[in-house]
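K.L.:
These are the residues of each chain, in order.
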Amino acid sequence: MSKATDRPTKPLPLTPLDAMAEASVLGKRIAEGTKLFGEVMDDAVQIATTPKDLVWSQDKVRLYRYRPLSPSKGLPPVLIVYGLIGRYTMADLQEDRSLVRNLLSLGLDLYVVDWGHPGRAERYVTMDDYVDGYVDACVDVITERSGRDTVSLLGICEGGVFTTCYAALYPERVSAMVLTITPIDFHADKLSDRPNHGFINVWTRALEPEDVDRLIEAQGALPGALMGSIFSQMTPMRTLTKYNLDLLDALDDKKKFMNFLRMEKWIADRPDHPGEAAKQWLKDLYQENKLVNDRFELSGRIVKLSDITCPVLNVFAQDDHIIPPETSKALAGRIGTDDYTELGLPGGHVGVFVGGKSQKLLGSGIADWLSRRG
Amino acid sequence: MDPFETMQAMGDLWGRSAQSFWDAQRNMAGAMNTAMPGNLAMPDAVAMQKAQAAFEQACASAQAIATNVTAGLDAARQAARERTDPIAAEVLAKVFDPRGWLSASNEVDQALNRMAQGPQLADLWTNERKFAALFTAWAALRRRNLEHNTIMLEAWTRATGTFAKAVNARVEAGEPLESSRALMTLWIETANDVLLETQRSEAFLRSQRESLKAATDLRLAQQAVAEIFAEMYGAPSRSEMDDVHRSLTDLRRELRALKREQRTRRTAARSKVTQTPEAPIETAMQGAAE
Chain A
1 MSKATDRPTK
11 PLPLTPLDAM
21 AEASVLGKRI
31 AEGTKLFGEV
41 MDDAVQIATT
51 PKDLVWSQDK
61 VRLYRYRPLS
71 PSKGLPPVLI
81 VYGLIGRYTM
91 ADLQEDRSLV
101 RNLLSLGLDL
111 YVVDWGHPGR
121 AERYVTMDDY
131 VDGYVDACVD
141 VITERSGRDT
151 VSLLGICEGG
161 VFTTCYAALY
171 PERVSAMVLT
181 ITPIDFHADK
191 LSDRPNHGFI
201 NVWTRALEPE
211 DVDRLIEAQG
221 ALPGALMGSI
231 FSQMTPMRTL
241 TKYNLDLLDA
251 LDDKKKFMNF
261 LRMEKWIADR
271 PDHPGEAAKQ
281 WLKDLYQENK
291 LVNDRFELSG
301 RIVKLSDITC
311 PVLNVFAQDD
321 HIIPPETSKA
331 LAGRIGTDDY
341 TELGLPGGHV
351 GVFVGGKSQK
361 LLGSGIADWL
371 SRRG
Chain B
1001 MDPFETMQAM
1011 GDLWGRSAQS
1021 FWDAQRNMAG
1031 AMNTAMPGNL
1041 AMPDAVAMQK
1051 AQAAFEQACA
1061 SAQAIATNVT
1071 AGLDAARQAA
1081 RERTDPIAAE
1091 VLAKVFDPRG
1101 WLSASNEVDQ
1111 ALNRMAQGPQ
1121 LADLWTNERK
1131 FAALFTAWAA
1141 LRRRNLEHNT
1151 IMLEAWTRAT
1161 GTFAKAVNAR
1171 VEAGEPLESS
1181 RALMTLWIET
1191 ANDVLLETQR
1201 SEAFLRSQRE
1211 SLKAATDLRL
1221 AQQAVAEIFA
1231 EMYGAPSRSE
1241 MDDVHRSLTD
1251 LRRELRALKR
1261 EQRTRRTAAR
1271 SKVTQTPEAP
1281 IETAMQGAAE
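In order, the protein sequences belong to chains A and B.
Every letter in the first sequence is one number past the one before it in my numbering, and letter 161, counting from 1, is 161.
The number in my numbering is simply the position in the second sequence, starting from 1, with 1000 added.
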């Protein structure tokens, strides 16, 4: 154990006046914050408010179509596919920070699949079921409704892995694919020298495959609470300061405070990940890295990245500590088309969707790219 | 409530939760000895005592260092005869407290414990053999938590040393910290770096894996006990429910496959109907193109 014998030997250069001023400013902020806390009720903290209609459901899965906000551009409909860790509501967090609204405003016909809250009853549901079953069924519904043969896919994080697999297995049904913050090479985190990046990759590789099997046997799922605690570990001191210092900073004005609460609401809504699908996610992908090596199998078929023939836009967050950019950019040169574009945006894993600057660039970047492909 | 009290209450709440955890860990070995039935030996008692001793030693060292450094900072302030910002000083003390560190960085342990907590031990006395297995798993989880917390306290000690050096370096370089908040920010940044480094160490990853395994073992042991009671009272057991869910998933899969087959047949039939009259036109166009 190391010793900490060095002690500060000189005073802090604070005058009594400085200290009083600091205390006074702090006191005012706390007073305003206390007032805000008293005023805001949970009902006022709403997320995912863009109007949409249920068009199909099966088991716990729901497919919604958003109501248009602008005249249609006549492009193929777009299906948003989120992953099973967290919920799709992140893409529509609040009115002025919503990928969904941005895309609708640019005239896209937008659908989203909601995986709901899988429970122990979904223990045996696999990624095969999600890709080959639910995503395929959603594509069916959308093509039937639109009278087209194809749809465009917009995958987010693990949802991006689903759409990647789907585009490889059913290339004839996908007109274009947008991937956002999506891991392809799950071991490419080793290429990054940033110590706060890729902890989930390191953590998962530190487990043995049988640890994962037993965890799922015991829990029936990958508990959302466990994943939440791993995410917290990635920003360790933030966990200590989040509900005091950070909250205090957010109390400066009501808008900032409401943004903080909406984000908290999204974070709190972290479903359990179905067990068998979690085994594939952790063992086949995080541990064995099968996707990038053309060894990942779904419904008896190998997913080959080179079978993806539709145009691909690959969006990554430049400071994504959860899905390091290197793991996303690994798709370059591996698919069966030259129409491949990368878009690196400032911000982190979630910031790229809700950050003031990035979310606007993200919406317009996706809409422009899709428009150019007709 | 006085706004200053609000902030202090926030700090107190934080401190109290950390203190409860701290006390629980310190008193655990004694409590277990008291609670143990005479006919059941303490499972892997030596390893548990070793883990407890290492943890207590790490606790004592960390607490001594914390007191030392805090006293140093106080002395520095008093030497300046400044009127310390009471709120920032209070929060700084809480942020700097190793118990706070432990309670925050222990979040994964807590998540694992929450996952593992099941029926009360008192409900299980009717089946000694199953209880013994359950208790062994419970003790193993506590031991793994202690070992993991020891690693975290050692990291805290390293962070404290780095922090103290950084404060002195700033002062000696003529770039003193301008506020208590700045001091706190420096501590947070320093501690964050050390924690990130610790989390990638082999010892940390191994320890967290062991904690996860222990939590899983405990959950499985609890389920084994629960199966007995389920059978006794004619209630469906976990494994029976899992069987049902497996069958349900298989049936849904088969249904989806059948629907898809039907759909494919329908589409093919539609396509045949629409393509038949167009075939000569296509052929004619192809011929023209050639």
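Since the hints were made in silico from the structure, they are not lab data.
Idealized CB from N, CA, C, for every residue including glycine.
Any given hint might turn out to be false.
Each computed DSS-like pair below joins lysine-lysine, with the alpha-carbon atoms no more than 25 Å apart [to be verified]: (1) B:Lys1272 x B:Lys1259; (2) A:Lys283 x A:Lys265; (3) B:Lys1213 x A:Lys279; (4) A:Lys265 x A:Lys242; (5) A:Lys60 x A:Lys265; (6) A:Lys283 x A:Lys329; (7) A:Lys60 x B:Lys1272; (8) A:Lys283 x B:Lys1259; (9) A:Lys290 x A:Lys279.
To spell it out: a stretch of chain B is covered by chain A in this simulated footprint if at least three of its residues, at any positions, have a beta carbon under 8 Å from a beta carbon of chain A; those stretches are [unchecked claim]: (10) 1046-1055; (11) 1133-1144; (12) 1183-1196; (13) 1234-1247.
K.L.:
Tell me, which hint numbers fail for this structure?
P.N.:
2, 7, 8, 10 and 11
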